[in-house]
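Chemist: Listed below are the residues making up each chain.
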Amino acid sequence: MRHLRPLNRKAHRIAAFAAGDVHAQAQTYPFGCTTIFSPGWETDAAGGTSGLCAPIERDLYDCYKTCFWPAQVPDYLVNYPNWAAACGSPVQDWRAIDLVFP
Amino acid sequence: MIAALLLAPLLAAPAQGPGIEPGRFLWLGVWPNRILVFDTAKDEVVGSIPLRKGVAFDFTLTRDRKRLFVSTDRMEGFEIVDVPRREVVDDFRLSTDERIVRLDDIVELPGGKRVLLSVTPVKKEIDRYAIEKKEVWLFDLEKREKVKSWKEKDLPREIRRARLLLSPDGTALHAFGRDLVVVDPEEMKVKEKLIELAKPLFAGLGPFRPMGGDLFDYRDPDRYTVLYRSRDPIRKKNATGLLVLDLKGKKVADFGEIGPEFPGFRPAVSPDRKKAFAYGNEHLHEIDLVARRIVRQKELKLEPRRWLTGVSVDGKRLYVGGAGERWDVYSTESLEKLRTVEFPGDITSGPIAVESGPL
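Here the protein sequences line up with chains A and B, keeping their order.
With the first letter of the first sequence counted as 1, position 10 gets the number 10 in the numbering used here; the numbers rise by one all the way through.
With the first letter of the second sequence counted as 1, position 193 gets the number 193 in the numbering used here; the numbers rise by one all the way through.
These aren't lab readings, by the way, just hints derived from the structure by calculation.
A virtual CB, placed ideally from N, CA and C, is assigned to each residue, including glycine.
A hint or two may mislead.
To be verified - Heads up, simulated DMTMM-like pairs for lysine to aspartate or glutamate below, C-alpha to C-alpha not over 25 angstroms straight-line: (1) B:K337 / A:E57; (2) B:K301 / A:D62; (3) A:K10 / B:E125; (4) B:K133 / B:E152; (5) B:K134 / A:D62; (6) A:K10 / B:E98; (7) A:K10 / B:E132; (8) B:K146 / B:D43; (9) B:K301 / A:E57.
What the hints assert, rightly or not - Some chain B residues near chain A, calculated using beta-carbon distances under 8 angstroms: (10) W31; (11) M75; (12) G77; (13) G280; (14) G324.
Said to hold, decoys possible - So the derived label-pair ranges between C-beta atoms look like this: (15) B:G259 / A:G47: 24 to 32 angstroms; (16) A:A15 / B:K337: 20 to 28 angstroms; (17) A:A96 / B:K250: 22 to 30 angstroms; (18) B:R296 / A:G47: 32 to 40 angstroms; (19) B:G259 / A:H12: 50 to 58 angstroms; (20) B:A41 / A:G47: 40 to 48 angstroms; (21) B:L141 / A:F101: 15 to 23 angstroms; (22) A:L7 / B:W307: 41 to 49 angstroms; (23) A:N8 / B:D90: 18 to 26 angstroms; (24) B:K146 / A:L99: 35 to 43 angstroms; (25) B:G47 / A:I14: 46 to 54 angstroms; (26) A:G47 / B:K250: 44 to 52 angstroms; (27) A:I14 / B:L141: 39 to 47 angstroms; (28) B:D97 / A:A96: 29 to 37 angstroms.
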């Protein structure tokens, strides 16, 4: 962030967030899918792989439903409620999941 | 031994009438929009309840066990399931055109006509969503509207940091926090400190920190039986135990340490109230609730994000669920895996033992 300068209101908020000024608010669960940048399915919270679901499809709907990895999965809560309407279980039938074009 | 004998009557099996055995049917939400009824006597799905507004996020069962509140509609509302009829009879939406209102929790109130809703409002700005402070709503189910609301941060500490729930006899709103207090739901103020838990009962004992809900599904109107965590002030170590609270006598009726605390301690209790099973530290533990001690351990490595979800009505089988679309069935005798039960969709919520015989 040292080489970036916020120009608009949203950028100022991101800068304040990065500076830790809004720490308590950042811990609020971000309904609306905007601020989580967890690495994804490559590593778990401890930096290893033993905590990951196997196969990854088993974890897909929990992430979709709660918007945990919005960078990797469409979000159910706001933008793509019908993404998985045709597929009950991704482990069994992931090909039935719809495509999205953000 | 004496403690075990004292506790034994408190853990006696609930009265069972000619109806359905308590704990026989487990209800669970599955993708994309239904509740399945799982019969633990047969290990198979025997019913399916379609929901009106999509995925089930959370369940709240009323104390009379006749209505089930189900959070749906992308957490923007809830539906009411008539338990005996096994069908949705009403639904409510909280969001408006200007604000998204995410529902975090539903608490039944005495009388059954109003509920407390814990919500997170999100204002729709022209270019973004602005998440607002959490609120608590007093919601009238007959008028279908919010009667009062409070910012969660403005509530008294005993309520704000506590778990709110209707008392087992259905007459009062309780807050389970550092202490057990009675709350006035119309004003959200503490009416009475019912049982003190934060102050150690005697020197050398730590305060009781209750964990989770009532182990016996609030079937006893005069008692809570909960797990607690306590930190030994001398050894500086956490321990887990069983705590029985006498609501009529307004006192701790009994307590006993089970063993050291371990992560992921989420027990499944057998319907006869005598055994519990818990998974932690890559071991399956069998706990004798009468003697209050771990009687058996077996090394078992479950897949990530899988945990114990229930016990069959005869107490002979354990169900391991979690993320995904299946339960693995284990024998409580051998602790070996018996079979796998697959559901038509990924599990989204539950399970909850809903139906019961006469209480």
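Chemist: Now tell me, hint by hint, if it's right for this structure.
Modeler: Here's how the hints hold up against the structure:
Restraint check for K337 (chain B) and E57 (chain A): satisfied, since their Cα atoms lie roughly 23 angstroms apart, inside the 25 angstroms limit. Restraint check: the Cα-Cα separation between K301 (chain B) and D62 (chain A) comes to about 22 angstroms, which is no more than 25 angstroms; the hinted pair holds. With a C-alpha separation of about 12 angstroms, the suggested pairing of K10 (chain A) with E125 (chain B) holds against the 25 angstroms cut-off. Under the criterion of a C-alpha separation no larger than 25 angstroms, the hint pairing K133 (chain B) with E152 (chain B) is consistent with the structure, at around 7 angstroms.
A distance of roughly 23 angstroms separates the Cα atoms of K134 (chain B) and D62 (chain A); the hinted pair therefore holds under the 25 angstroms criterion. Distance check on the hinted pair: K10 (chain A) and E98 (chain B) sit about 20 angstroms apart at the alpha-carbon level, within 25 angstroms; holds. Restraint check for K10 (chain A) and E132 (chain B): the C-alpha separation of about 16 angstroms stays at or below 25 angstroms, so the hint holds. At most 25 angstroms may separate the alpha-carbon atoms for a hinted pair to count; K146 (chain B) and D43 (chain B) exceed this at roughly 42 angstroms.
About 20 angstroms separates the Cα atoms of K301 (chain B) and E57 (chain A), which keeps this hinted pair within 25 angstroms; it holds. Because the beta carbon of W31 (chain B) sits about 5 angstroms from the nearest beta carbon in chain A, less than 8 angstroms, this interface hint is met. Annotation: interface hint on M75 (chain B) holds; nearest CB of chain A at approximately 7 angstroms, less than 8 angstroms. The criterion of a C-beta within 8 angstroms of any C-beta in chain A is not met by G77 (chain B), whose closest approach is roughly 13 angstroms, and the hint is violated.
The criterion of a C-beta within 8 angstroms of any C-beta in chain A is not met by G280 (chain B), whose closest approach is roughly 15 angstroms, and the hint is violated. For G324 (chain B), the interface hint holds, since its Cβ comes within 8 angstroms of a Cβ in chain A; the closest pair sits about 4 angstroms apart. Distance hint check: the CB atoms of G259 (chain B) and G47 (chain A) are about 30 angstroms apart, consistent with the given range 24 to 32 angstroms. The hinted window of 20 to 28 angstroms between A15 (chain A) and K337 (chain B) is violated, with their beta carbons roughly 52 angstroms apart.
For A96 (chain A) paired with K250 (chain B), a C-beta distance near 56 angstroms fails the hint of 22 to 30 angstroms. At about 34 angstroms, the beta-carbon gap between R296 (chain B) and G47 (chain A) stays in the expected band of 32 to 40 angstroms. One distance hint, 50 to 58 angstroms for the beta-carbon pair G259 (chain B) and H12 (chain A), holds here, with the actual separation near 52 angstroms. For A41 (chain B) and G47 (chain A), the Cβ-Cβ distance of about 44 angstroms falls inside the hinted range of 40 to 48 angstroms, so the restraint holds.
Taken as a hint, the range 15 to 23 angstroms is violated for the pair L141 (chain B) and F101 (chain A), whose Cβ atoms sit roughly 41 angstroms apart. For L7 (chain A) and W307 (chain B), the hinted distance range of 41 to 49 angstroms is satisfied, since their beta carbons lie about 47 angstroms from each other. For N8 (chain A) and D90 (chain B), the hinted distance range of 18 to 26 angstroms is not satisfied, since their beta carbons lie about 44 angstroms from each other. Look at K146 (chain B) against L99 (chain A): about 39 angstroms separates their beta carbons, and that is inside 35 to 43 angstroms.
The hint said 46 to 54 angstroms for the Cβ distance between G47 (chain B) and I14 (chain A), and at roughly 49 angstroms that hint holds. Checking the proposed 44 to 52 angstroms range against G47 (chain A) and K250 (chain B) shows it holds: the Cβ atoms sit about 49 angstroms from each other. Between I14 (chain A) and L141 (chain B) the beta carbons are some 41 angstroms apart, a value that agrees with the proposed interval 39 to 47 angstroms. For the pair D97 (chain B) and A96 (chain A), the beta carbons lie near 33 angstroms from each other, so the given range of 29 to 37 angstroms is met.
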